[in-house]
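**Student:** Turn these sequences into a full structure, and let the hints steer you where they fit.
As a plain string of letters, each chain reads:
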Amino acid sequence: MNGNKPLKLRRTMLFCPGNNPGMMSNAYIYGADSIMFDLEDSVSMKEKDSARNLVYQALKTIDYSPCELVVRVNSLSSEYGKADIEAMVAGRVDVIRLPKTECAQDIKDTEAEITKAEKKYNIPLGSTKMMAAIEGALGIVNAYEIATASKRLVAIALGAEDYCANIKTTRSPEGSELFLARATIVVAARAAGIDCIDTVYSDIYNEEQLIKEAQAIKQLGFDGKSVINPRQIEPIHKVFTPTQKEIDKALKIKKALEDAEKRGSGVVSLNGKMVDKPVMLRALRCIEMAKASGAYFEEKEE
Amino acid sequence: MNLQQTGIAGTLESGDVMIEVAPSVKGISIDLESTVKTQFGKYIEKVVLQTCKEFNLENVDVKLQDKGALDCTIKARMITAIQRAGGGKYEWK
Amino acid sequence: MEKYLNKYLKETGKHHYVPFENPRLVVKDRTTLLEKQRGNDKIVDSIETAVKLSGLESGMTISFHHHFRSGDRIVNMVLDVLERMGFKDLRLASSSLSSVHSPVIDHIKSGLITRIETSGLRGDLAEAVSHGIMENPVIFRSHGSRANAIAEGKLKIDVAFLGAPSCDPFGNANGYTRDGVGKSMCGSMGYARIDAQYAKYVIVITDNIVSYPNVPFGISQRYVNNIVVVDSIGDPDKIMSGATRFTKKPQDLLIAQRAAHVIVNSPYFYNGFSVQTGSGGASLAVIRFLAEDMRKNNIKASFALGGITGQIVELYEEGLIKKILDVQSFDLTAANSLKNNHLHQQIDADYYADPYKKGTAANMLDVVVLSALEVDVDFNVNVLTGSDGVIMGAIGGHPDTAAGSALSIIVCPLLRGRIPSILKRVNTIVTPGSTVDVVVTDQGIAVNPTREDLIKCLTENHIPLVDIEDLQKKAESIVGRPEKLPFGNKVVGEVTYRDGSIIDVIRNIEE
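Residue numbers (the working numbering), protein chains in the order written: chain A, 25 to 326; chain B, 13 to 105; chain C, 161 to 671.
Derived from the structure by calculation, the hints contain no laboratory data. Hints may contain errors.
Stated by the list, open to error - Lysine-lysine pairs mimicking BS3-like chemistry, simulated, CA-CA at most 27 Å apart:
#1 C/Lys518 / B/Lys58
#2 B/Lys105 / A/Lys84
#3 A/Lys143 / B/Lys105
#4 B/Lys58 / C/Lys634
#5 B/Lys75 / C/Lys644
#6 C/Lys518 / C/Lys460
#7 A/Lys70 / B/Lys105
#8 B/Lys75 / B/Lys58
#9 C/Lys460 / A/Lys84
#10 B/Lys105 / A/Lys144
#11 A/Lys84 / A/Lys106
#12 A/Lys32 / A/Lys297
#13 A/Lys70 / B/Lys54
#14 A/Lys32 / A/Lys278
#15 A/Lys140 / B/Lys58
#16 A/Lys273 / A/Lys262
**Tutor:** What follows is the structure, given as structure tokens:
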């Protein structure tokens, strides 16, 4: 049961334009699981150099813990991508997010640049992770090969605006046009053993619809959602918080697991029924999520 | 190392600083306008001088309009302004 | 009958009623009520006339209220008249002064005003005082302290000039009108009432004469000597806006939510609790989050106190707050509610915050949420001077409610841009740390170590707490250590505590 990767929650990823020092200076106060500084679409071409320097200095100076730090770089096909990657790796960012990923080669090319930079700046190879945003039809078709293209990949994400434009339709509240993309990303991520993150919901004052969408994508299997305003963080965390019923059940399973380990048995049983590994994993993950969201506090053993 | 032209970076938004660097012939001069000049003027000037040093810039007129930017923002804006003025490449560390 | 009357009068020596001895009492005024009002001589034709009647002399004390906020025209109007009339050396004892009162600078330079007592100063006037234009230091008082000083005769007001949105010919004045529309509205006249009661001479200045009786009244006729009618007492839009909006700033909302969480997990969130919030920003937004928990747990507040905004009124109308005690109304919703809602009551500054009287409303608070410019590691709070040492705020009811409440919560961001709010030492102590229980910032919550009861119950409810020293260190590590300010040697402000004792002084700032 041990030796699994440590659980990293990615319920919310707070989007923060890389050219806004005011927002960047305290993005960590809102409790998002990850913060994504953007050097790409939210930064005008005239200011790409500015944003790169701002994010680099911020990474080097400001303490963002416990948030995971992600930077969306410009794609390598642009004139900014290479410099972005080098600067962000030097800045010790946790994750580099690649926009508009279409195929495994995109990942491999980016990885090559990352590795080069890690070598140049004496950073342990492999410590910079990657995230791939899929924003078009081809990317969906290649989702699994993208998700498995590098050991650095920790998640794949959906960028719905560009995707909808690419498949020549518009966005709707029910999101039927995104169904295949969402399902594909979840499946590809799970097959590859990495996380999957859903797209932003842009109407920041419509909390009701945000919650509906978060519930729907949670049911689809997503690990979390990108957010563009801090007020979206708490409602989404609430959706991803296990209910008391789920927590109680998970605790029972965990206890059964511990009892089995004490007995030295490989078989875990609860109420006379055997507990399968996936059920156990789900229960442990449920407890981790409950702890992280403040719904459960591990009482000290008497 | 000397600048080839003027370079401007930054905005007048809260938490930001607008910096203009221009070639000069007489050393480094700093014209600082800041909402927190009394309290943090010393830190701001230190960052400016340090950045000039990193670019081997000995002759430059620096004009800052600061709206309470943190040191890391001032440094970033300085680097961008200098680069835009042809001051050379900044070495990542 | 007459035999017994005469005998009784002889025995007691008491005075016999003589017809027409006192004509005023028996001769009937056969005019109608309407005619009586028109003929009344309390109304005079100008401020100048009223001043002449008041017996005001140079060296005396004049007072004003600040219910018109930045829309006030009264102070400037009256001072212009007094300047023209040649007065000198007056003490200006307004309940507060704002940025619209910058003309007072000229009156200081001319020698008309040589002393000021106020709750606060803002704008150009505040800056000028900070740069040392006055010979005598300005005396800053809390609302409770001012009320007490006036009532006890420590601050004697010779003439009070009280602006009122409506007034009848005999002096019953109100912060709203029930006759027609009226030009402006301010709601509660809580600060004016105390001046009206104790000043030697009271002049009401209004732009709206209504018919007798202007009941219920904010100021009773029995206190009013003269009434002057002017074109406009103030700018209605600046006196009062339509409705206060909750802040949308995510940082303020975060702080407000955390503060509400502290309240809910304290012993002071129970059916019948009493509360005062601020009038804007995070300190007002707290009530929005608190209301959610009140609904969920079916908890109602017995009363809300203070500066009242539309948000409080909405909760009152929803039934979550039983009564409102209003010493100052901040928006039209609040003013209209004062006018129309039975249990929304106007209280004067004395009832609100007198430090010594039993039943003072501020002493009946379970919870107060206050903002701050600066807090130090001893929990002292500064609401008067900015990070540059210049005067820019008002004491208000801060120390009164902090001391009077069972739980006082300060809400402020750790940093405002590059300016730290948590410091080793505040520039000016206004509210002493011993009365401040919890500080809620966007980057941590600190509880005063003397409140072990709160530390225990908040920790048990899994609310993460930090040391206030750690907050201060964090702030410093992000922005750096601010330079010492260029204070001079002149004391330009005396900061008094609730009892009038001096808790701190403000020195001039060199330009």
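**Student:** Look at each hint and say if it fits the structure.
**Tutor:** Hint by hint, here is what the structure shows:
no.	hint	result
1	C/Lys518 / B/Lys58	violated (57 Å)
2	B/Lys105 / A/Lys84	holds (10 Å)
3	A/Lys143 / B/Lys105	holds (12 Å)
4	B/Lys58 / C/Lys634	holds (21 Å)
5	B/Lys75 / C/Lys644	holds (24 Å)
6	C/Lys518 / C/Lys460	holds (24 Å)
7	A/Lys70 / B/Lys105	holds (24 Å)
8	B/Lys75 / B/Lys58	holds (14 Å)
9	C/Lys460 / A/Lys84	violated (49 Å)
10	B/Lys105 / A/Lys144	holds (9 Å)
11	A/Lys84 / A/Lys106	holds (19 Å)
12	A/Lys32 / A/Lys297	violated (30 Å)
13	A/Lys70 / B/Lys54	violated (31 Å)
14	A/Lys32 / A/Lys278	holds (19 Å)
15	A/Lys140 / B/Lys58	violated (33 Å)
16	A/Lys273 / A/Lys262	holds (19 Å)
Hint compliance for this structure: hints 1, 9, 12, 13 and 15 are broken, all remaining hints hold.
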